Structure formats: structure tokens, C-alpha cells
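Now that you have both chains on their own, put them together as the hints suggest.
For the record, the sequence lines run as chains A and B. Residue 43 in the working numbering sits at position 43 of the first sequence, with consecutive numbering throughout. Residue 41 in the working numbering sits at position 41 of the second sequence, with consecutive numbering throughout.
Among the hints, erroneous ones may be present.
With the Cβ distance kept under 8 angstroms, some of the chain A side facing chain B (calculated, not the full set) [claimed, not checked]:
id, residue
1, L58
2, P60
3, L72
4, T76
Keep in mind that the hints were calculated from the coordinates and are not lab data. Small disclaimer: the values here were computed from a predicted structure and weren't measured. Quick reminder that beta carbons are idealized off the backbone N, C-alpha and C, glycines included.
Spelled out, the chains give:
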Amino acid sequence: MDTNERETLLSCRDLTLGYENHAVAEHIGFEVTRGDYLCIVGENGRGKSTLVKTLLGLQPLLGGQIERSPALKRSTIGYLPQQTPVQRDFPATVEEIVISGFLKKCGLRPFYTKRERAKAEEKMERLGIAALKKRCYRELSGGQLQRVLLARALCATDTLLLLDEPVAGLDPKVTQEMYGIIEGLNREDGITILMISHDIAAVLGYATHILHVMHGSCFFGTTEEYQKSEAGKLFAGGDHAA
Amino acid sequence: MRHELLSVMSWAEFISFFQYPFVWRAVIVGTLIALVAALLGVTLVLKRFSFIGDGLSHVAFGAMAVAAVAGITNQMLIILPVTILAAVLLLRSGRKAKVNGDARLALISVSALAIGYLIYNLSGSSNVSGDVCTTLFGSTSILELTPFDLWMSVGLSVAVVIVFVLLYHKIFAVTFDETFYKASGVRTELYDLIIAVVIAVIIVLAMDLVGSLLISALVIFPALSGMRLFKSFKRVTVFSAILSVVCAVSGLLLSIWLSTPVGSTIVAVDLAAFAACSLVGFTAKRA
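Only chain B is shown next, with the shape it has when bound in the complex (with noise of 0.2 angstroms):
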């Protein structure tokens, strides 16, 4: 029964998929963006944005829309703008906050997934089903990366890590208490600006993996496994980046080797890390 719902293929076979390229690539990309999903994991968690990074993937879905109806090929290039645009603009809106942030959140997050959806139908393509469960669930798209794609990815990622790394204390800070450092004269909307680009940027790219609906699992399940073991916030994001690359090779291997789709195998398996972290950090909270 269980054989016949999964359909696993045998290990000859398995390790038969390692000769073709596509799977290398998608292992390499698939690396690089649950490493860069994580680091951010933290300071969205604590300064109360989990729900920015889902509404900033729904509005790469409608932007992946018109990008894919209006015919473009490296549909990139619409994509990654039009999500840092949002990505600013939500930010902005949360500090001034005279309509209630999580209504506008709310407000263009479905909006922009209604209208995507509205378009992919108007444009009379084929397989409608098809396209739209690509990008909201990711399915197999990793696995069918141009080499454009890839060295996109791989451009992007490396430039995150070069950021975080860069303004690894400032990012601290503004995630921390940014009245403090405000207060001393760093400028923390700098830096509040530079997180939020960063954020769109890892969105964009993870969408390729886990499909715009899963991306928020990518991003924070491995900060609150992290949360739930380490007390430092240097041991939680050296935890977050490894465990999320762990998760996510493993998801991607077991996605190969079960048929099932590459995006949902992957967050299953965040989420049952977080299980295990959550009961190890409770227990040693007991002992």
C-alpha cells in the first residue's frame, strides 16, 4: 500500500539521478537559498515580520504572473524589482502605522495572489492548474533550473551573505532595540531598509525551491528551532543557516527519491526538526 502511494524507486535508481546535471544544480541552489532563507529567520521572527515575508511571496507570485503571461524569459528580472518595491513600501508602512499594519499586510498580500491567479486565467494558456501550482508550491521547478537561473541564484545568494555578514552586529542592533541605537545615532532605517531588501531578495529566491506559498516555513522555522536550543544570537544563526541547509538537502534527496514534490517534502522535514528541537529544548528545560 505504502509503496504504491509513494512509489519509491530503488537505491540503483536513486543514485542513478545523481549523473544528470539538473539534480547537482538543484542540490547547489538548493543550498545556497536555505542558507540565506535563515539568516534573516531570526530578526523577522523577533521584530514581529513573519507574516511580511509571506505577504512579500504573494506578491512575487502575481509579479511571476504578468511576467509569465507577458512572455518574458528570465522573468527574474520583473519579479526580484517589483518584491523589493514591496518589501520598502510594507516596511515604511509598518513604522507609520496609521492603518493598522497586519490589515494592509493582509490587504496586498491577497490582492496581488487574486490578481496573479485572475491573470494566469485571461491569458489563455493550457495548463492553468499547472502553472499555478508551480509557483505556489514550488513542485518541480528546482529540479528545472536554466543555467541562467542558477548563476542567478548563486549570484544572489553569495551577495546576501556578503550583507549579513557585513552588518551582522548592525542587523543585532536594529533586530534587539532600535530606539537605543537610534538613539546614539546609528541609522537604523538604513539598515531597516537594507534587512528589507534582503528579505525580498530571499523571497524571490526561495520561491524556486518551495514555491511562493512555503516560503515562510523556509525562513522561520529553522530561527524558532534555533530559538527553541541556543541563547546567543550568534549560536541560534550558526544553528538556523546549518540546520535549514540540512533540512532542506535532505527534503530535496527524499523528494527525488519518493516522487513527492520538492517544495512541501522540504518544509515537512523543518517542521519535523522543529518538532525534535522544540521536545529536546523542552526536556532540557525540565532537567
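Next up, chain A with everything else stripped away, as it sits in the complex (with noise of 0.2 angstroms):
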């Protein structure tokens, strides 16, 4: 029982990231246990997004080993990406991109089921968006639309969320409420949460676990001994003060 709940979902071993033969990153390892909220900081060009990349087989990776659990492998990573302009004008509703979610689950299969539809409907109950189900994807405000895509995610897994900057140009009410309702995936849902983020001030409130990607190698740890690390004085120290 206590084995299977502390069970690591993802172990990642002296991993080296980036482009071709261009590497971002090196040494990079850390590991990821149920019920674990992960935040993944570091300043820009560091490659936190290679790494995102990287966990979710979008791109080769340069060496290393990257670990999954059976677990995780069966239900894969519900992924939350950065916004892209593209999408902004597409027309779609609400319900339409939510229920795509299970698109991997259908394999195959051509429509839906009943059971998928419901899902869906539970997931945006959850996510306070059931009344938006209708709308039009572009008629949405910053925080709607990131819920949304929470919801599709969260459709897609029930295991390991991946957020890459949830909360990047939301306003600090709207953040403050993303970060509310991550929290709860993680206390209540029980879903574990790998997040990138800029705002070390606001995560370290929140995180388990912090892992700060530097250059040439990595700080892994929990919050607390991150917050007694040279990285985390330097990094978070700095943000606390102000």
C-alpha cells in the first residue's frame, strides 16, 4: 500500500538536452514520485522548454535515460502549452476541445463514447467552466482559456499533469486563482504536477519539490532544502525581498 502510493512515476538520469547536436543542457536528473508537486525553474535559454520537450517525446533526447513507471506509460502526460497565436482565431467551443482530450483513448476509434462525453463534463464542473461549454474558444478570457486547456488535459491523464508557464500573462487575481485550482489537482485529485515558472516567489508556497536548471548542471531537491541551497538564496532570496 505505502509502496504503491509513494510509487516514482518518472526518474531522470544525467540527462543532456537540446537541439540536434546543440546541447541546452547537461546533467540534468531528478525524479518524480506520486502525488509530488515538481516546479521546474531557471532563467531563460536554460532549457526548461528542451526539457519540457523532451518529457514528452517532441524531441529526441541527447543522452541520459529518462525512466517511466508502467503507470505512466498507460495513462500518458496531460500537457498544458504555452498559448500560441494560431489557435486564437480557430472556431471551436468550449466542449469541442475538452472532450479531444481522450483523443488518444479512442485510438482507432472514430467517435466518442458516452462514458467520454460525461468524463468531460465532470472535468469542466470541476474546472467551473461547465457554463462556457457552448462559447466560442476565441471569445474567452486569458483565465477561461487556461482552463480549458486544464481541462483537456486533465481528459488526457489522470496521472502527471505538465504545465508549461501556467500563468504567463494572466493578470495576479486570475494567476492567483490558477495557482489555487493547481493546488487542488495536486491535494485533492491527487494528480501529480510537473510546473515551469518564472514567479520562484509565488511557487515556493506550493511546490513539493523544485528543480532549478542552471548552466551545466542542476539543483533538485525539496522546497525546504532548496530554500537553504546556494541556488535557492541566490534565485528565490533575491525575489523574497522584493
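Encoded structure:
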């Protein structure tokens, strides 16, 4: 029972990340245990986005090892991408987008099942967007958009969410709401969170673990360890003072 | 003045046209082609693929020139594989994008157009401008369909509709946000490939109806019109398919009635419909 709950979902050893033969980050290592809330921080250009793409299998790994647990292989990773401008003029309703999270589970089946439709409904309720389901994606506010994409990610997974800068471009109030939602998913629904963020000061309050990607190395440990570490003092300390 | 210009026929004369099987054949094939052309319109527009349609139609023109000069009777058998191949190559190149995708597209489409015209001229045909005009603008080829053309068009159209219905949710997904679905393990490349092949089939089919220069209009106008009025992917798709059929059939009948070229009449009707939809959409937004 205990081993099951503390099951390691993802274990990465000595990763080299980059494009083609150009390494952006090296010696990255960390582990994700079920129920963790891991924040990935670091300056721009240090390979955070590359790490995300590599974890998702969108980009080949240049070196090192990524091990996924059987549970993770089965349920896949739910991904909340950064906003791209192309999507903004897309004619699609909230409902259409959320249910498309089940696409992988469909396989060759051409239509969604009743059960999947009901589950999509449930996720929309969970994120407070059920009232918007017939609305067009184009008409939503930034915070509503993120909730829609989060609901879609929840349809794709019940295990691990990978969030790439989920609060970028949101105003402070909506940012707080978003952090609240993510925390709820982690604590109440038991979903493991991997989140890329710039906003270290804010994430220290939520994260259980921190991965700080630096030039040629990285820090990985619990949030407490991080705050005592050199990297943590330098990087987060300044933010706290501000 | 107007009458002289358009030589409008009397109602009785117009009706009498329907005793000819070729008119019925044209209406059936026109309906099917318009339907399938509109289906992938939204995907093409939103993936910023609008000009791939245009480029492919030029490739199809080049292939048709080769087929015509080689004296092949069932030209479809040459044009279809060549266009499909070009579609796959263009899509591939779009992803790697080492050479600017637009530039490559322009390169391929203009080369195919020039070489096609060159081949027509070298062939020593007595009616080069007539042949070229027919291929580029469709003129009357829809009214001259052989039974082979008819069955080929019907077969391919039905195949496209079936593929579209079966893959509807997948097409939605790769159009909306390829990265997410790829990350969750959906084989987006495969679906991109299928979309490319289907686009090629549509282009080749539509050549008969409107000619290779006007195909983009047939593919894009209905989708753009639908996007002016509707908010869901499903509604935009269904509306554009219906609108496309209505425009194609009325354009076809108008062209018979007014003795105007079929392709450009259909596109003019599509354009008018687009203008109307834009107006309605604009007014609705204001209100």
C-alpha cells in the first residue's frame, strides 16, 4: 500500500538536452513520485522548454536516461502548452476542445463514447467552466482559456500534468485563482504536477520539490532544501526581498 | 446590351438542357466535388495551408500536360499519383522548414505551371490556348465528363467523405493543436499525411469543375464564409459543406443559363456568398 502510494512515476538521470547536436542543458537529474508538485525554474534559455519537449517525446534526448513507470506509460502525460497565436482564431467550442483530450484513448475508434462525454462534462464542472461549454474559444478571457486547456489535459491523464508557464500573461487575481486550481488538483485529486515557472516566489508556497536548471548543472531537492541551498538563496532570496 | 453580352437563353431552352445526360452528370459530380472540397477547407485555412492547395493545383496542371501530350486517355491515373506525391513532399518540407516553406511552394508551383505550358506548346497541338484554358479555368470540362470520369469522381468523393467522417476528431485535433496531441501519444504525423493525400485527391477532383487556377477558391471560400457565422468546428464544417454545394450547383446552372464559363461562375457565386456571410457576421457582431 505504502509502496504503491510513493511510487516513482518518472526518473531522469544525467540528461543532456538540446537541438540536433547543440546541447542547451547538461547533467539534469530528478525523480518524480506520485503526488509530488515539482516546479522547474531557471533563467530563460537554460533549457526549461527543451526539457518539457523532451519529456513529452517531442524532441529526441541527446544523452542520459528517462524512465517512465508502467502507470505513466498507460495514462500518458496531460500537457498544458504555452499559448500560441494560431489557436486564437480557431472556430471551436469549449466542449469540442475539452473532449478532444480523450483522442489518444480513442485509438482507431472514430467517435467519443458516452462515458467519455460524461467525463469531459465532469472535468468542466471541476474547473468551473461548464457554463461556458457552448462558447467559442475565441471569446474567452486568458484565465478561462487556461481552464479549458487544463480540462482537456485532465481528460488525457489522471496521473501527471505538465504545465508550461500556466500563468504567463494572466493578471494577478486570475494568477492566484490558477495557482489555487492547480493546488487543488494536486492535493484533492492526487494528480502529480510538473510546472515550469518564472515566478519562483509564488511557487515556493505550493511546490513540494524544485528543479533549478542552471548552466551545466542543476539543483534538485525538496522546497526546504532548495531554500537553504546556494541556488535557492541567490535566485529565490532576491525575489522574496522584492 | 446586357442580353447581347451574356446571350441569355429562354426558360424553355434552359429546361430543355436537362434532357441531356451530360448535364445531370455535371450536376452530380459538381455536387460531390463541391462537398468534398469544402470539408477540409477549415483545416487548410487554419493550418495556414491555403496556398498548398494552390501550389498542388499547378502541379496537377503540369501532370495533366504530360498526360495529354503522352496521349493517355485516363489522365486521372497520371495526375492523381503525381499530385499526391507533391502533397506529401510539400507537407514534409513545411515541417523541417530549412528552406522557407513559402518559397519552396512558389518554386514548385511556378515550375510546374511553366513546364506544363511548355509541354503543351512543344506537343504541336493545334489548339494550345484552348487546351491550356480548359485546364486552367475548367471552362466546359465538367460538361464533357465520360462515364469513366463520372465513376472515378463519384468513387473518390465517396472515399474522401468516408475518410473525413472516420477521422473527423483526429482532423480537428491536428488542426487545433498538434503539439498537445502528439505529446499525448496520438500519431499526428500519420494524420497529417492522410490530410495531405486527401487534399491532393480533392484538388485533382476539383480540376474538372473549376480548373486548376480556381481550385483554392472552391476549397477556401466556403470555410471562410462559415467562420464568419459560426463558432463551433462542427457547425463551420457542416455549413461550409452545404454552402459549397449550393454555390456550385447554382453556379453551374447559372453558367448554362448565361453561357458563361462554369468554373469562374461558380467561384463568383462563392465570392458573393462569402461577401454576404461577412456582412451578416459583421452586423451580428455589431448588434
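A quick look at each hint next to the structure:
no. : hint : result
1   : L58  : holds (6 angstroms)
2   : P60  : violated (14 angstroms)
3   : L72  : violated (11 angstroms)
4   : T76  : holds (5 angstroms)
When held up to the earlier numbered hints, the structure conflicts with 2 and 3 and fits the remainder.
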